[in-house]
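Novice: Make a model of the complete structure from these sequences and hints.
Protein chains: 2
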Amino acid sequence: MFAKLCRPVPSINFRTAKCFYKPRQLNKFYNIIARANCSASSSFLCDKNVIFVAGLGDIGLDTSKELLKRDLKNLVILDRVDKPELVCELKELNPKVKVTFMPYDVTVPLAESKKLLKKIFDKLKCVDILINGAGILDDHKIEATIAVNYTGLVNTTTAIMDFWDIRKGGPGGIICNIGSVTGFNPITQVPVYSGSKAAVVNFTSSLAKLAHITGVTAYTVNPGITRTSLVAKFNSWLDVEPDVAELLLEHPTQSTKECAASFVKAIEKNKNGGLWFLDQGILEDIKWDKHWDPCI
Amino acid sequence: MFAKLCRPVPSINFRTAKCFYKPRQLNKFYNIIARANCSASSSFLCDKNVIFVAGLGDIGLDTSKELLKRDLKNLVILDRVDKPELVCELKELNPKVKVTFMPYDVTVPLAESKKLLKKIFDKLKCVDILINGAGILDDHKIEATIAVNYTGLVNTTTAIMDFWDIRKGGPGGIICNIGSVTGFNPITQVPVYSGSKAAVVNFTSSLAKLAHITGVTAYTVNPGITRTSLVAKFNSWLDVEPDVAELLLEHPTQSTKECAASFVKAIEKNKNGGLWFLDQGILEDIKWDKHWDPCI
Chain A
0 MFAKLCRPVP SINFRTAKCF YKPRQLNKFY NIIARANCSA SSSFLCDKNV IFVAGLGDIG
60 LDTSKELLKR DLKNLVILDR VDKPELVCEL KELNPKVKVT FMPYDVTVPL AESKKLLKKI
120 FDKLKCVDIL INGAGILDDH KIEATIAVNY TGLVNTTTAI MDFWDIRKGG PGGIICNIGS
180 VTGFNPITQV PVYSGSKAAV VNFTSSLAKL AHITGVTAYT VNPGITRTSL VAKFNSWLDV
240 EPDVAELLLE HPTQSTKECA ASFVKAIEKN KNGGLWFLDQ GILEDIKWDK HWDPCI
Chain B
0 MFAKLCRPVP SINFRTAKCF YKPRQLNKFY NIIARANCSA SSSFLCDKNV IFVAGLGDIG
60 LDTSKELLKR DLKNLVILDR VDKPELVCEL KELNPKVKVT FMPYDVTVPL AESKKLLKKI
120 FDKLKCVDIL INGAGILDDH KIEATIAVNY TGLVNTTTAI MDFWDIRKGG PGGIICNIGS
180 VTGFNPITQV PVYSGSKAAV VNFTSSLAKL AHITGVTAYT VNPGITRTSL VAKFNSWLDV
240 EPDVAELLLE HPTQSTKECA ASFVKAIEKN KNGGLWFLDQ GILEDIKWDK HWDPCI
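Chains A and B supply the protein sequences, listed in that same order.
Throughout the first sequence, residue numbering follows numbering that gives the first Met the number 0, covering 0 to 295 in sequence.
Throughout the second sequence, residue numbering follows numbering that gives the first Met the number 0, covering 0 to 295 in sequence.
Check each hint, because a few of them may be wrong.
Note: identical chains are not told apart, hence a pair may lie in one copy or across any two.
[Stated by the list, open to error] DSBU-like, lysine-lysine: derived pairs with alpha carbons at most 35 Å apart:
#1 K140 to K124
#2 K114 to K47
#3 K167 to K140
#4 K264 to K95
#5 K95 to K286
#6 K270 to K286
#7 K117 to K232
#8 K167 to K232
#9 K208 to K256
#10 K117 to K268
#11 K72 to K289
#12 K208 to K289
#13 K270 to K289
These are computed hints drawn from the structure, not numbers from a lab.
Specialist: The following block contains the structure:
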């Protein structure tokens, strides 16, 4: 049974890790890998402390609700705007889970992100999963799109490494980054947004391959077109297609509830390096082409 | 005789030539080179007005020199720091080409980019090609990496659309964006940089598909590991690999001259949507996987 659950994680080179790490570090490392491999079950989220950036957002809110069907220990929601009525609603969904809200704008400087995370770690002692879910879709706003979708995600990730990095004595951790199918192939009418999501996909694939060094595993969840307020109306780049939202919605889409269900399934699969494609009930780990190899 | 002249011109060291030939001989020499260039495949660049952002950079400088083997009409170099001795050197390479330098930091707001471009368009009347070549490689500097490599490139591209977009009565134009092989598959030790380059690749592929609306075609040139000062020493993300530069350079790399030769060949091929892979003399148009299609 154990062997069945513990499939090898291909993206991690155990042999190389063994050459460079002390036994104590290696033990931590193996535990992390074991966790990553052995956890594709619905009990995976039990008793976990989860930070969810943008957990009140369009996809975020339904994903928070889906998470609360599991008996997490803590769900710390960070979002730009407090919506007390939504936080109350979430708190009532599962009394076993402690739901907390803290305001957070991902575009603050790295030092601010670290301060906020310190508060959370001081309180909870350990955090198991960070979900980076902040995103905007408006190609009239170039700086904001890139700052929120990419820079903010990188900064939040970088900030949590202070607490998780096994090289600093941390316990490791799991990062779940929200990419988008547009990171694979763009919606050409929103090139700025699509590019920012390609950055997230590429960035996260690196994080996964650095897990043997940092102890932090990572994957992306990449929703297809989801019927959110984000998608109901948005600006295309230089208005190349004023009706882009309407055109997209003419094709099959998924509801935020469907998206949330796949989202949490992906979290439960906990596959380091996973490139999860989430669309209309499909949850598929995309295989990325190798065009080039740096050989290091 | 004509065919004989049209052979590709081998790389010629003009500075050395200048030491051995009198001006009259030198002019003859230039004319022969120019004729050879203009009658072979390289005639594409003849009489063109080209703006080259970061045309004095590591890859930029050698690419500027390679461009100057062709009889452009104007080469306007925009770079953060003026290096008058390099600009002088470039001006002397081909007296038929008017080489101009103007200071430009790609991280300025969009309005500033537009102002600068207005000056250039006022002077030249038309611009045929914009090469976006600014880039930094330092994963300690998250904001700067993303601001230069992605946001700056998007802003410069967006700024020039005021002058080129056929919907505004413009004549169209050609955008050549510098991506990187790390935009295809990352150097995991520099995830922030690699992600920013993935953004460029994805963004530019959208521009190409919008050409029927804007009149502006686009492609990326994506150099492999090139022996520049950028690569000689750089910081990995959170120092995950302090020796990343040394490790990379243990494998085959290309010189900036080799890179520049392929770079200009790619420009001459002028393929809308080209995803040019440039490494050690190889120039290949990468085929991107279709994982998903927005159907619009």
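Novice: Which of the stated hints cannot be reconciled with the structure, identified by number in ascending sequence?
Specialist: 5 and 11
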